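Chains as they are written, first to last, in my numbering: chain A, 1 to 112; chain B, 1 to 113.
Be aware that one or more of the hints could be misleading.
[Said to hold, decoys possible] What follows is a list of derived Cβ distance ranges for each label pair:
(1) A/PRO81 with B/VAL12: 30 to 36 Å
(2) B/SER80 with A/ASP78: 48 to 54 Å
(3) B/SER65 with A/ILE18: 42 to 48 Å
(4) A/ALA17 with B/GLY40: 35 to 41 Å
(5) B/ARG44 with A/ASN55: 26 to 32 Å
(6) B/SER65 with A/LYS107: 43 to 49 Å
(7) B/MET27 with A/GLN80: 27 to 33 Å
These are calculated hints, taken from the structure and not from any lab test.
Just so you know, these numbers come straight off a predicted model, no measurement behind them.
Each residue gets a CB set at the ideal place from its N, CA and C atoms; glycine is no exception.
Chain by chain, the residues:
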Amino acid sequence: QKEVEQDPGPLSVPEGAIVSLNCTYSNSAFQYFMWYRQYSRKGPELLMYTYSSGNKEDGRFTAQVDKSSKYISLFIRDSQPSDSATYLCAADSGAGSYQLTFGKGTKLSVIP
Amino acid sequence: DVKVTQSSRYLVKRTGEKVFLECVQDMDHENMFWYRQDPGLGLRLIYFSYDVKMKEKGDIPEGYSVSREKKERFSLILESASTNQTSMYLCASSSWSGSYEQYFGPGTRLTVT
Chain A
1 QKEVEQDPGP LSVPEGAIVS LNCTYSNSAF QYFMWYRQYS RKGPELLMYT YSSGNKEDGR
61 FTAQVDKSSK YISLFIRDSQ PSDSATYLCA ADSGAGSYQL TFGKGTKLSV IP
Chain B
1 DVKVTQSSRY LVKRTGEKVF LECVQDMDHE NMFWYRQDPG LGLRLIYFSY DVKMKEKGDI
61 PEGYSVSREK KERFSLILES ASTNQTSMYL CASSSWSGSY EQYFGPGTRL TVT
């Protein structure tokens, strides 16, 4: 069983829509959670980082972690065509391991 | 801003060649990582290093080796390239200072013919 599961999509939404991207995880030791955005043929770019449960907001982006249900979400408000990319969730146990466990990514297209 | 650079964006090599991929980071990070990324398989960790001259195998180390002689530089070596090593190779770095987020380079698209 993969430790971080993510629906690969593709997900297609109209410009201006609210986008919800989700991951589930199985390892209850995970403490740090990240979202990366990856444009085609580029390296992943760190978008959001949260520790433990709760919400974190940065402009149009909100990251949410619910440790009780082992659920990670990224919300994008007022989506733009420039948000079209693959979004990867990641988690780390924080217990001395420097590795991250990545989801496989969800491909998002925002249609003008 | 953290900057991670990789020596080539695109590389074409022949089967059996020895291939060197280089990665340099400018943020004094202790940890460096090499991944490959393939459609449907996601990111897979090849090797990582948490200090100069230290290395640890990741999930798919077979056919690869690494070198870290200086803190800022981490090299991936394909000893004898094979067609199944055609992939996108991504280098990343992170700090020991608690938050574990990794910063990626732009990637090297390697084609082995």
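Consistency of the hints with the structure:
1. A/PRO81 with B/VAL12: 30 to 36 Å: 32 Å, holds
2. B/SER80 with A/ASP78: 48 to 54 Å: 51 Å, holds
3. B/SER65 with A/ILE18: 42 to 48 Å: Given range 42 to 48 Å: holds, Cβ gap about 46 Å.
4. A/ALA17 with B/GLY40: 35 to 41 Å: Given range 35 to 41 Å: violated, Cβ gap about 27 Å.
5. B/ARG44 with A/ASN55: 26 to 32 Å: 31 Å, holds
6. B/SER65 with A/LYS107: 43 to 49 Å: 33 Å, violated
7. B/MET27 with A/GLN80: 27 to 33 Å: 29 Å, holds
Comparing the model with each numbered hint stated earlier shows that hints 4 and 6 do not hold.
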